[in-house]
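Letter by letter, the chains look like this.
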Amino acid sequence: MVGPLLKGLRVTFGHLFKPAITVKYPYEKRPVAERYRGRHVLKLDEDGREKCCACGLCEAVCPAGAITLYGAEDPEFKRSDVGKIAEVYEIDYSRCIFCGYCVDACPRGAIIMTTDYELTVPGPGRGHLYKDKNWLFEKRGGE
Amino acid sequence: MRHIRCHVLIGVDANSLLAGAKAVEQALIKELADKGLADEVQVIETGSLGPIGQGVILVVYPDAVAYANVTVDDVPEIVTEHLLKGRPVKRLQVPLAPEERVVEIKPTGLVKKPQPRVVLQNCGVIDPESLEEAIAAGDYQALVKVIEEGMSPKDVMEEVTKSGLRGRGGAGFPTGKKWSFTAPGPQKYLICNADEGEPGTFKDRLILEGDPHRLIESMILAGYAIGATKGYIYIRGEYTLSIARISKAIEQAYRENLLGDNILDSGITFHLEIKKGAGAYVCGEETALIESIEGKRGQPRLKPPFPAVQGLWGKPTVVNNVETLSNIPPIILNGADWYRSFGTPTCPGTKVYTILGHIETPGLIEVEMGTTLRDIIFEYGGGIRKGKKFKGALVGGAAGAFLNESQLDVQMDYDSLKEYAAVLGSGAILVMDEETSVVSLLHSILSFFEHESCGQCTPCRMGTRSLLTIMERIVRGQGTEKDLDLLLQVSENMQVSSLCPLGQSPILPIKSALDYFRDEFLERVSGKWTEPPLQAHEEASQVG
Amino acid sequence: MPKVVIDGIEIEVPPGTTILNAAQRVGVEIPVFCYHPYLKPAGICRMCLVEVEGMPRLLPACITEVQDGWEIYTNSDRVKDAREWLLEFVLVNHPLECPICDEAGECELQNFVFKFGEPRKRLYDEPFKYPTRYLGPLIVHQMNRCVLCRRCVRFSDEAMGGTDWGVYERGYRTIVGPYERDVFAQKYTFNMEALCPVGAITSNIYRYKTRIWKLDFTNSVCAHCEVGCWLDLGERDGQLLKVLHRRGYPSPWICDKGGYGFEYVNHSERITVPLRREGNRLRGVTTDEALEFVAGRLKGLVESGGKVAALVSPHLTCEDYLLMGSFMKEVVGSDYLDYRLYGGNTYPERPAVDSLEGVEKAEAYLVVGEDLSVHHPVLALSVAKGCKEGRASLYLIVTGDSFLFKFAAEHANPLPGKEEKVLEALASVLGGKDYASLLEGTEVSEDTLKAMAQGLQEKKPLIIGGSRLTPEGRVLLKGVGERLGITPLFLDWGSNSKGAFQMGFWSPGGESVEDILNKCVSGEIKGLFVSSMDLFRDYPNGTLVKEALSNLDFLVVHDMFFTETVAYSDCYLPATSFAEDGGTVVNMFWEAKKRNRAFKPKDESMPLWQVALGLSRKWGRPLGDFGTVEDVTPLVRERLSQVVEAPSTLGGVKAAHLKGDIPALFEYPFYRAGMRTDFCNAFVQLVPEPYVTLNPEYGDELGFKNGDIVIMEVDGNQFRMKLFFRDEVPRGGAIVSRGFSDFPITRALKGLWYRGIELRAAKE
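Order-wise, the sequence lines are chains A, B and C.
Under the working numbering, the first residue of the first sequence carries the number 6, and numbering increases by one thereafter.
Under the working numbering, the first residue of the second sequence carries the number 7, and numbering increases by one thereafter.
Under the working numbering, the first residue of the third sequence carries the number 2, and numbering increases by one thereafter.
Be a bit skeptical, because a hint or two may be false.
To be verified - Taking lysine-lysine pairs in the DSS-like style, the calculated list, with each CA pair at most 25 Å apart, reads: (1) A:48 / C:460; (2) A:56 / C:210; (3) C:460 / C:389; (4) A:138 / C:210.
I should point out that these hints are in silico values taken from the structure, not numbers from a laboratory.
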């Protein structure tokens, strides 16, 4: 009777003195790999202009159809060095599979993926998972 | 009544004009008037006397004394000493070979060979602005012969075909054959191509300036042969003197019914009009020339249809070079057999060359077809200037090929040159001495092509540009050996795929330059090459 | 027949076939830039070079005709090498901006580099740095990307008869473009954009909006005029973003109205919910509610003895006319319905030719009473084609023609309102009668008319009667036709007048729109249904329209925008655009063509046939059980095969009201003609405001200057507008523009397109 009990307790107490595998998320965060594919970010150039020129390759390559892109002209070259910007840039995170094809396809390095994986959204429904251009820009805002 | 005892011929062409020919003429006339000789001595403007680079040239007849490098200051001396007192001014005198009516001017005293002058017969002899002198010198005799002997257009064409005359514009296509290709039709056109754009060529200009009536006569004859009643002379806009003289000649001819309806009551009708070009090299190509006359952008048309079928305004058209046409009156007058006595069996007749570069007496010469390059340079041209060594020659203008020393004995005619992958082209021979840089020369040839490409077809438009950028690299010493191959590859491709001869030409100078002077190029691209001091090219620029 | 071998495939082709066409027959692809099937071959891009056995040089496939026994290689090493070099030449200075170029995805250069290019670079040079030229609201020209195939230049020369679009400079510095214009909008500009194989000429309307591969293209028929060109409507997310003309039918070319006149579909001011009047306000209601309301009110009016009429735009489909006609006639029991809202009192007639090829074949043309390039632009190109090539001669009796006059052998340019007088004179000349007196006051010389008559008798002409002709004019023209043994081709306004007529959408009593409006004024008609047309913009009697609409008890307007007509309405029903619903349309040659639905109607928008169906259901007598437009089509097909006799319209014709000083013709500027063009932003930018044009000499006589502001006075109404000098305006007359929904120019008219006006300089 006692033998198996002690055997079990040994396992239990044994674990008490081993280091924990879990971390106290969200107070503690596990380190992620350098090339982890997390949240997307649209880059700006040195002058603060948008790098994305709305070429639509990310949109075309996206296997999940998560990207919606409409372009617009910037005739005065204030927001873009080539005169073309994305008027609408939306990523539907309810569909995104984080494959990273969009990053590979981008001819101007305008979209990158960060190690940020915290994409929870408040409330029910998927509407909050539609992320627009403002949210996607380097300075993360408008959440 | 004036009794002219003495004629002073003054050669007026672009070169002598720059040297002050007009001022000398004015001074001469004034001086003669002052001395009271105005009634005894007549001053006559004539075309080029042949040589260039000798300043103003005067020839005094009947004494047959020639003066070169005459300035205004020399005029009083000539008038008082020679014309008044009859003592030629030895200081300025140059020798003259009267039996051949060839002005021979050689300060160094080398004897130049006499030239058989068929085309240039009257150039530098008559006053080109006088119809009477032209007739006296033999112009319009062939026309009279055609009318009097009742030669039919077919006879004229046959005579020309029999003579074996080949187009002198560059391609060497038999003229009689070209004429016979014209499609039948009520309206045909004859165009004289006087848009002489090949760098280093000025033979047509001097023919036009020296004997404009010869051209008018030949155009009437050619028009008669092919059945054209309207002719155009498409002439370079820069040739103001030629335009003035030919306009005047046309005016005179119209006045004497040598042009117009029912010429000399013979029933032949021929009208002549001058069209001025606007400085495009490509307009020397016959279809581009036709487009230009029609008032369109000067760019080559697609062939077929050939101009002989659908040319100017969609009608059958023949385009002939000035020199080609000028050969016709002597052929008609003296017969095809006489003409065949000159030149080689396949290329009969004579050829007018403009020889220039590092040569003792640059200028215009007329020699038989088949004369060797050596003869032309060393006999007629007086050899290399300042006793330097011969390095090579560019034959046929920018679209021609380089020849080097080993090819000096090549016979200059259309067929023989083909064996050396060279062309006779426009008859320009640019002679280089040992100090000349072929690389720089090729560079300027390629920038010429880049500037003159009409931009219609892609290979020529972009190819000429690419050739120039590669060549610029090489000239600056920044090229590699690969660039030399690239030059060849690009020009080979252009030859294969271009629309008109312009794009097909750069291969000739490039290939021959790389074949014969490769070492020089290799030196440039070796990476050790530095810019030489400037003097080396000074002389070349004076002539070029 | 020559037999040739292309890449090992043997084929027999008719003599005169080019290598390229022979290769296309056996399915061998030869890349081309400058070649275009509908332009004359140029042979200048040298992309199509092929090797022929035994030929020293490569031959351009697009112009070389095959000869018997030729062995042609399109893939030999020499050919490949030449192609690679050529692509490299083109790319040396080509800016690599595919990511921002609108042509990417349909760019021929891109495709050829993919297929035939090599991933290496041997030549290096600076990319071109020409400035981008915004040539007005329609096109953008970027010389940097040009490959100098000259298709645009050749189109301008060959089809348009020459504009200032040309080639300038030479060699490597060659550029194309307009010589002095800053705004390039020449009625057929779209074709130049479509012809451009690269992104050198792109659309300003579509500029940078989205990528071509994101668009779904649907084949449809243009809704602007009755030539009925096939269009490919490019849709994405319920927006019509780009129009292409991929199938060369009926002509390889289309006009700018077809190519760029679609912006109204996505217009932000579009109202897509039903509205119902409550006092001074219009309140949004559900479709069900609105239909119930309309059916109830109409039923009430009919039951109380009032009449109800329907006026429907001639731009809709046969299905619309069929069901609306059935609803009006069978359910409501009305005899007043019409589609001729542009005015005029003529019905369509069967034509003498059956296709544009038939038009192109004619040896001579007589065009009367319409600026073809404005109302039937593609027909004008077909007419011009033969004249440009010198095969045909053109005789015009048209006031102020703005395009065809360049090609005309004789152009009678009569004063406004006198076209039919000149026509009468022409009939007299042909009949050998005295005609001098008829020409008085027309500004047309006797010589012109004599030459015209002679020319018409020498060659068999095609007679084209324009939409401006009155019934009397048509009779005159038919008389001329009979004398020459030809049935004229009569043109109508709108894109489906023929269909509306064939569907029986006209009053059995032969009443014209004017009669119906007069009956509204008199109170006989109490309810009116207007669909897809702003009466104030297009019906040439604004005063009458106003009176009629204010006098009605009940007005329903079925439209897309809040027009002035809607302001008078009691109920507004949202309409669909031509892209949102399919249907059958009948073109000017009486051919039935099918429009297809590019995307689903926006919000509550409904096509007219659905409105009619809904109303009939609410009325209690449903017209039938139709789910989609395809269910109605069989009925339409049946109707189209029947012969319909038009009522006589002669007798009730009014004389032209020509009182004031200057006879004036009220005519649409090109970019204002057609359906809802005043909601196309680009067109509004091109022609922002109405203007009056005079002949320069006449203008000088009157003491005006080009660009002056003038006051036009008609019946005491004053209109302030700009004055321009144009050479095509006849001396002594004026041409006033119309087609502006926000400018009440139709108030100056009295049912016809002519009016006497007074002009004076505006005080500063």
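Under the criterion that the straight-line Cα-Cα distance not exceed 25 Å, is the pair residue 460 of chain C, residue 389 of chain C satisfied? With a Cα-Cα distance of about 17 Å, the restraint between residue 460 of chain C and residue 389 of chain C holds, given a limit of 25 Å.
Mind checking the alpha carbons of residue 138 of chain A and residue 210 of chain C for me, to see if they're no more than 25 Å apart? holds, 16 Å
Decide if the proposed pair is consistent with the structure: residue 56 of chain A and residue 210 of chain C, CA atoms, cutoff 25 Å inclusive. holds, 17 Å
Would the pair residue 48 of chain A and residue 460 of chain C pass a check requiring their Cα atoms to be no farther apart than 25 Å? Violated. Residue 48 of chain A to residue 460 of chain C sits at ~70 Å, over the 25 Å cutoff.
Against the hints set out earlier in the document, a violation occurs for number 1 only.
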